[in-house]
Amino acid sequence: MKHTTWRWISDYEKEEKWLNEMAAKGLSLYSFFFGKYTFEETEPGKYIYQIELLEHLPTSPESVAYLRFLEDTGVVCVASVFRWVYLRKEAASGPFELYTDIDSKIKRLSTMKNLWFTFVWLEFIVAAANLAIVIYEWIVLREIPWVNLGCVIVLVVMGLLLLYLGLKPARKIKSLRREQLICE
Amino acid sequence: MHRRTEYTMTLPLEKAPLTEAAYYILLSLYEPMHGYGIMQNIKALSSDRVNLGPGTLYGAINTLLEKGWIISAGESDSRKKEYQITESGKKAVRYEIQRLEELLANGKKITGAEQ
Chain A
1 MKHTTWRWIS
11 DYEKEEKWLN
21 EMAAKGLSLY
31 SFFFGKYTFE
41 ETEPGKYIYQ
51 IELLEHLPTS
61 PESVAYLRFL
71 EDTGVVCVAS
81 VFRWVYLRKE
91 AASGPFELYT
101 DIDSKIKRLS
111 TMKNLWFTFV
121 WLEFIVAAAN
131 LAIVIYEWIV
141 LREIPWVNLG
151 CVIVLVVMGL
161 LLLYLGLKPA
171 RKIKSLRREQ
181 LICE
Chain B
185 MHRRTEYTMT
195 LPLEKAPLTE
205 AAYYILLSLY
215 EPMHGYGIMQ
225 NIKALSSDRV
235 NLGPGTLYGA
245 INTLLEKGWI
255 ISAGESDSRK
265 KEYQITESGK
275 KAVRYEIQRL
285 EELLANGKKI
295 TGAEQ
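In order, the protein sequence lines correspond to chains A and B.
For what it's worth, my numbering labels the leading residue of the first sequence as 1, then goes sequentially.
For what it's worth, my numbering labels the leading residue of the second sequence as 185, then goes sequentially.
Treat the hints as calculated values from the structure; they're not laboratory data.
Fair warning: there could be bad hints in the mix.
Pairs of lysine to any residue residues, derived as SDA-like cross-links and limited to a Cα-Cα distance of at most 20 angstroms, are as follows [claimed, not checked]: (1) K264(B) to V76(A); (2) K227(B) to K113(A); (3) K113(A) to G243(B); (4) K274(B) to L229(B); (5) K227(B) to I102(A); (6) K25(A) to H56(A); (7) K265(B) to P216(B).
This one's a predicted model, so the numbers in the text were calculated from it and none came from an experiment.
From just these sequences and the hints, can you work out the full model?
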């Protein structure tokens with residue numbers, strides 16, 4: 001039996017937690033496409049899920065080699081969107097942690113931080129351009145271009161959300177770096 | 185992080201302290217082995233203490249390949265790539281053992297821990 005749920009979760013950690021709670025109940029993620037989650041019925045707690053941000057698109061040779069390597073260790077990629085992949089492993093074969101030392105944890109968090117901050121910059125640049133149009137039209141034509149003003153507001157709100165997403169890994173990197181001074 | 189990188193760069197390649205993961209990977213590869221085999225071997229060697237994550241292992245393998253401390257030793261079957269330690273890898277391990285012996289001897293001497 002398949003079950004489909006629509007959901008939008010922007011924080012991957014919350015998403016991962018939710019997927020693992022579902023799997024514990026016997027609903028294991030089977031495919032994902034932009035908010036559409038499809039689950040298959042399995043024994044409760046059969047799989048453990050992790051969400052990973054690849055450095056390259058899943059179809060690139062680097063990522064294909066990496067995903068094949070993971071497969072050899074019992075980790076299967078069930079779905080991907082852009083550079084995000086949904087990985088699962090059978091719980092019976094032990095814990096599922098992709099990264100077990102500080103160096104590689106920092107590397108993973110940096111990939112995430114960079115992704116979000118790139119979007120933050122893009123959002124704010126486009127917002128600034130729109131704001132410039134608003135100001136110009138208001139000064140010269142004494143008219144407010146509502147469309148541009150709307151864009152500014154939407155872009156700033158989205159930018160702030162992305163900033164929040166990017167600051168989470170940034171903060172974690174900072175505390176890991178401190179830890180790295182005394183341990184591995 | 186930055187300072188740490190500079191520090192390792194100033195040391196000859198074989199003389200930088202190894203991470204636990206790198207040390208155990210190199211030790212495992214005195215016999216040719218594929219990725220999953222390395223994970224299992226390290227787990228067994230350390231009596232279940234070190235459970236290397238596949239993401240960490242993959243990154244470490246690639247770095248060791250770039251340094252020339254291990255080579256990929258052909259593919260035993262079409263899927264699983266095997267790796268093996270090289271001479272410079274063995275040199276790094278020997279240096280690490282000396283370093284660990286020094287750490288251990290000093291630790292025991294000062295704390296008075298029994299042999």
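Structure-based check of each hint:
For the suggested pair K264(B) and V76(A), the alpha carbons sit about 15 angstroms apart, so the restraint of at most 20 angstroms is met. Taking the CA atoms of K227(B) and K113(A), the gap is near 32 angstroms; set against the 20 angstroms cutoff, the hint is violated. Taken as a hint, the K113(A) and G243(B) pair is honoured in the structure, with Cα atoms around 19 angstroms apart against an allowance of 20 angstroms. Simply put, K274(B) and L229(B) have alpha-carbon atoms about 18 angstroms apart, close enough for the 20 angstroms limit, and the pair holds.
With a C-alpha separation of about 19 angstroms, the suggested pair K227(B) and I102(A) falls inside the 20 angstroms cut-off, and the hint holds. Annotation: proposed proximity of K25(A) to H56(A) is violated, straight-line Cα distance about 33 angstroms (limit 20 angstroms). Only pairs whose Cα atoms come within 20 angstroms are accepted, and K265(B) paired with P216(B) is accepted, the gap being roughly 10 angstroms.
Violation of the numbered hints given earlier is confined to hints 2, 6; the remaining hints are satisfied by the structure.
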